[in-house]
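**Q** Can you make the complete structure from the sequences, with help from the hints?
So you can see what is in the structure, the chains are spelled out below.
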Amino acid sequence: MSESVPAAEEPRSVPDVTHPRGVQGPGPSPQKSTGRQIRVLQLYPRDMNIYGDYGNALVLKRRLQWYGYDPVMLTYDPGDEFPEAPDILIGGGGQDSGQDRIQQDLLDIGQRLHTLADQDIPMLMICGLYQLFGHFFETREGSRISGIGILDAETYGTDSRLIGNVVAESSEFGRIIGYENHSGQTYLGVQVTPLARVTTGEGNNQKDEHEGARYRNVLGSYLHGALLPKNPAVADFLIGTAVEQRFAEKLPELSAPSSAPLSLNALTDQARRTAASRPR
Amino acid sequence: MRVTRPYLPRPVTILIGRTARTLTKWRGGSGSAFPGLVVERLNPGFLAGVLAQLPRGVVVVSGTNGKTTTTKMVVELLRGQGLKVFTNRSGSNFTRGVVASLLGEISPTGKLDADIAVLELDEAHAVHFVRAVNPRYSLLLNVMRDQLDRFGEIDTTAGMLRIIAEHTTGGVVLNREDARVAKIAESLDQQQVRYFGLAPALRKHFPSDDDLHSASDVPDGTQSSIASEDPEQARLSAQLNRFSAGGETPPRSVPGDPPADVVLTDFGIQRGTFRIGTEEVTTELKVNGAYNIYNAAAALALVRQVLGGEIDREALLMSLSQAAPAFGRGESLTVAGQPVDLVLVKNPAGFRLGLSSFPAQGVATMIAINDNYADGRDMSWLWDVSFESLAEQGVAMVSGVRAHDMALRLSYDGVSIAALEPQLVVALDEFLAAHPDTPKRIFCTYTAMLALRKHLGSYTEVEAFN
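From first to last, the protein sequence lines stand for chains L and F.
Just so it is clear: in the first sequence, position 73 is 73 by this note's numbering, and no numbers are missing.
Just so it is clear: in the second sequence, position 272 is 272 by this note's numbering, and no numbers are missing.
Do not take every clue at face value.
Straight line, CA to CA, 25 Å or less: simulated DMTMM-like cross-link-like pairs of lysine to aspartate or glutamate [stated by the list, open to error]:
#	chain 1	residue 1	chain 2	residue 2
1	F	Lys286	F	Asp257
2	L	Lys207	L	Glu81
3	F	Lys286	F	Asp261
4	F	Lys183	F	Glu166
5	L	Lys207	L	Asp152
6	F	Lys183	L	Asp96
7	F	Lys286	F	Asp312
8	F	Lys183	L	Asp152
9	L	Lys207	F	Glu153
Chain L regions said to be covered by chain F (calculated; three or more residues, Cβ under 8 Å) [what the hints assert, rightly or not]:
#	region
10	50 to 56
11	263 to 271
Not close to chain F: a few residues of chain L, all C-beta gaps over 12 Å, as computed [unchecked claim]:
#	residue
12	Gly174
13	Pro194
14	Asp236
Rather than coming from a laboratory, the hints here were simulated on the basis of the structure.
Yeah, the Cβ is synthetic: ideal placement off N, Cα and C, and Gly gets one too.
**A** So, in structure tokens, the structure goes:
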């Protein structure tokens, strides 16, 4: 586990030293703090961080800064000491080998994660960790890999890999845009609600039209892309929920620096529109 | 697929295949997939039969990054030794592409006037190819996250390279510094295995995807521990160190560190120092960028294995210094007296190395990102690259189908963007016009590069790309 406090918000074009893996601050020395810290914990970034999932951490960090908070970016890898009082948890996908490495450790911290989930801590788990937040992953050979069961969902390995652009509709988050790449297929139980309904692509499985799952404030999804850059509504749900719980306040206006011919919102809209129009 | 019909005689196959090739070219196609398909259907043993005539057999070059440039260097090194070399030059790195290339070069009776074939094969297609035609030598470069949406997982890709190695009859050359590639040696017992590698001091310049994963436990800001006499080298080191484990040497790939036949021991701008066997040689190079220079080590190791003791050393070093990069791979054109560098980017590791190999200072930068099939449809990879090295200068133009994705990525890294225009041709015109007196650099995905290159042809001489 490592921890550092990034620089307080500054005007545009400050060269940032964010690491492409594991979002870090600019150095070990503590920075001045507004006292409004939000602690973002990346689960298993070493083994479960593929297909741009790092982008989710970066978007949370930046948007927290642009909302006027101090993001504290934390990581947890197998064997680390579990960080105190995280406000947001995120996790990504991995290869089979990566999943093997973290599986036992995940079971070991499962109770702790259950407690956080039941305290309504917001979480976003993508692909591999989404699967392991369910009850189990059953391989094609029929052996079962235990998950931690925060999400009432079961996953079955298949021979067909579901790959391509995804467009899904969510009543809470609007249109969700992403890219899926998985061979495990997930079926939801009654304790969770689907995150969204797929209109392009497959999502959880090839049988129903569900994509992702939600239990309290825990979101699971198959969508890479990374998910949060093109779905700021989901990012702001995670941030807003954390801010509400930590400081009992609503999110202020986002003051993103304008560093392009289009505003951040306009860029995001255009990127979403393009993605939705591309071939599978 | 089981073919029950008798094969056509080779000359008839060739005639029909060539007709198909001509027809395809008339219609404006690339002239590779369709004629290849026709020939495969008519005579499934065609490829193996023709290549079996070659006295020195077939060499396969595969891996996720650098195949084209490495293959080109191998071909030029072998030609420099006086060999007649057949190669699939058109970038058609799949079986039908090889067939199509053959159709262009063989005699009507099916005689191929060459001593050896050096083929660049896409890893998935190579698996099929090596089952039909056993290569005598293979060179396996690396496994980086590359268009995983096509092949699934990085370990799957490594498995494909292992199959290539297992079907090789003579010798296999492996990248010692890529753990997945080096590990292939464990499943080989018939083949003679050799390695190309990096001196320990250089390893930090070539982070693997795994190093990037493990880098997250290390805080930033440790890069200042790297000191160097050469400011450019220091800057490069600092930048690259951000990606490796805090300036430490990345985890070693091979237990016991097997000796490599060719080791890259130092490099600079268009210059490399290689330890070839026991001899250390520094030479000027036409290729640029850390990766391309390391590819030269790969090419040298392969050529040494193919030729054994019969190498003309002077000719080898001459060829090495003259070998030009393959189109788009660090290619430099001149427009209105200013250089325009094209840098092909197709995966996170390549993009990171592209950014760090070529300093941003004093250069106008354009980035063009397409998401056609050949580029990979998944844009996730852009989030695995840090663009902070561009923050100081900013990016002059962002273009391509996914221009807005790229612009969004840059915005989250605090990189300012002067202009954004998804249409490549329009963007290129504007970019060139806006920076008449500055050297320019364009980072682009594969299909964006094809389009930009074509349009650059209206400004300057651009080498024909067959």
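**Q** Each hint: holds or not?
**A** These are the hints, each one checked on the structure:
A C-alpha spacing of about 30 Å is found between Lys286(F) and Asp257(F), which places the hinted pair above 25 Å, so the restraint is violated. Taking the CA atoms of Lys207(L) and Glu81(L), the gap is about 40 Å. The hint is violated against a cut of 25 Å. Between Lys286(F) and Asp261(F) the alpha-carbon distance is near 22 Å, which keeps this suggested pair within the 25 Å criterion. Between Lys183(F) and Glu166(F) the CA atoms are separated by roughly 13 Å; this keeps the pair inside 25 Å, and the hint holds.
Using a Cα cut-off of 25 Å, the hinted pair Lys207(L) and Asp152(L) holds, with the two alpha carbons roughly 18 Å apart. For the given pair, Lys183(F) sits about 18 Å from Asp96(L) by alpha-carbon distance, which is consistent with the 25 Å threshold. About 20 Å separates the Cα atoms of Lys286(F) and Asp312(F), which keeps this hinted pair within 25 Å; it holds. Of the pairs offered as hints, the one joining Lys183(F) and Asp152(L) is violated, with about 39 Å between alpha carbons and a cut-off of 25 Å exceeded.
Simply put, Lys207(L) and Glu153(F) have alpha-carbon atoms about 24 Å apart, close enough for the 25 Å limit, and the pair holds. Requiring three or more residues with a Cβ within less than 8 Å of a Cβ of chain F, the coverage given for the region 50 to 56 of chain L holds, as 6 such residues are present. Coverage of the region 263 to 271 of chain L by chain F holds [criterion: at least 3 residues with CB-CB distance below 8 Å; count 5]. Interface exclusion of Gly174(L) from chain F stands, the closest Cβ pair being 17 Å apart, more than 12 Å.
The claim that Pro194(L) lies off the interface holds: its Cβ sits roughly 23 Å from the closest Cβ of chain F, which is beyond the 12 Å cut-off. Its beta-carbon lying about 15 Å from the closest one in chain F, Asp236(L) satisfies the requirement of being farther than 12 Å from that chain.
Of the numbered hints stated above, those contradicted by the structure are hints 1, 2, 8, listed in ascending order.
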